[in-house]
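K.L.:
One-letter residues, chain by chain:
There are 2 protein chains.
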Amino acid sequence: MNDVSSGGRGTPAGIEFWFEFASTYSYLSVMRIEDAAQRHGVPVIWKPFLLGPVFKALGMDNSPFVLQKEKGDYMWRDMSRQCSKHGLPWVRPSVFPRVGLLALRLALLGAEEAWMGAFCRRVMQLNFAQDRDINDEAAMRGILDELGVPAGTLARAADAPVKARLREQTDEARRRGVFGAPTFFVGTEMFWGDDRLDDALRFAAAAGREGA
Amino acid sequence: MNDVSSGGRGTPAGIEFWFEFASTYSYLSVMRIEDAAQRHGVPVIWKPFLLGPVFKALGMDNSPFVLQKEKGDYMWRDMSRQCSKHGLPWVRPSVFPRVGLLALRLALLGAEEAWMGAFCRRVMQLNFAQDRDINDEAAMRGILDELGVPAGTLARAADAPVKARLREQTDEARRRGVFGAPTFFVGTEMFWGDDRLDDALRFAAAAGREGA
Chain A
1 MNDVSSGGRG TPAGIEFWFE FASTYSYLSV MRIEDAAQRH GVPVIWKPFL
51 LGPVFKALGM DNSPFVLQKE KGDYMWRDMS RQCSKHGLPW VRPSVFPRVG
101 LLALRLALLG AEEAWMGAFC RRVMQLNFAQ DRDINDEAAM RGILDELGVP
151 AGTLARAADA PVKARLREQT DEARRRGVFG APTFFVGTEM FWGDDRLDDA
201 LRFAAAAGRE GA
Chain B
1001 MNDVSSGGRG TPAGIEFWFE FASTYSYLSV MRIEDAAQRH GVPVIWKPFL
1051 LGPVFKALGM DNSPFVLQKE KGDYMWRDMS RQCSKHGLPW VRPSVFPRVG
1101 LLALRLALLG AEEAWMGAFC RRVMQLNFAQ DRDINDEAAM RGILDELGVP
1151 AGTLARAADA PVKARLREQT DEARRRGVFG APTFFVGTEM FWGDDRLDDA
1201 LRFAAAAGRE GA
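Keeping their order, the protein sequence lines are chains A and B. For the first sequence, the working numbering begins at 1 and goes up steadily by one. For the second sequence, the working numbering begins at 1001 and goes up steadily by one.
Among the clues, some could well be false.
[Unchecked claim] Quick list of in silico lysine-lysine cross-link-like pairs, DSS-like style, CA-CA up to 30 Å:
(1) A/K85 x A/K71
(2) B/K1056 x A/K69
(3) A/K85 x B/K1085
(4) A/K56 x B/K1056
Because the hints were derived from the structure by calculation, they are not lab data.
Throw the hints in and build the complete structure from the sequences for me.
P.N.:
Put into structure tokens, the structure is as follows:
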């Protein structure tokens, strides 16, 4: 997606997509963003990060959906309706939030690769359509093999520099004011939540036209 | 709006609209709901309530937008964009959240009156377009007079039973799992946030057709 041009009307601004595999509303955006961005001619810049440390920095030792029962109860009902609206499969996961460290490290390695979108969608479906562990090596290997990702990628995900990069990217999220996921940036303009995906894409497309 | 029918396809389910004059996202819904509901042939059931006691019951001694700086900063930027998207005037209020006790009590008295929608819109514009006090008797009298509301209504708002009714309605919100505003109910189905207004209306319209 990184070489998409907007038909001679100038280079569109990219949309930075900050997401977490544990996050329910990130599931909606991961499933929708590549198609939606392509319709707007906007490149997607994938930014996996860890939501846990961000919540911790804000004084929460778990997801607000776990800490606030009312909000959590509502979120499950809302997710079911949103999935049905967008035609996405949905099974409420038996573990929430699920640790997705291995999947996130792999996503860091894939962020600029052609397999990134498909990889993220498979991981999300594992969590939210099949209720399966996303921190499991065998499951990740299965997805990577299926997508023809070069052997050795799984092993590289455990390298110290990759682990450090995920921590750095998480710190960057905090510095830029991210407080939940998904969050989108177009330049310095921030959009929070799957509900703002379309607004963010329109903003990016317009910014690209103005810059032409 | 209470006698709207859906063109012979059965009586549409009403949409309960739980809102607070202090709430920024309630501003968006108050300004939009009557027109939008009419397009769907759905009656609006107005449910003013106090957000403060609801937040308190959830362990927060102020709005989450005040308690969480990052979320608050984002909300102001988002509100400005949302108002521009919906063609609504917007001035960030110098006091937030504004006490709207008098306005809420008047809204209780007006909930089933023809002047309700216009009254609520004027109060919201006072707060979010003119940055003015909404707990002020003179300001409320000005709005009521302009709308031709019977004299004596302002005085009635201070009656003990009206005060008690607002507390009861607030308790009802808590019992039903409300954790923020605006919140919509169609029967027992709950929708949170201005972003779900259209979904809630579609749900209400469909429920009406199914019940035909």
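K.L.:
Enumerate the violated hints, using their earlier numbering and listing them in ascending order.
P.N.:
none
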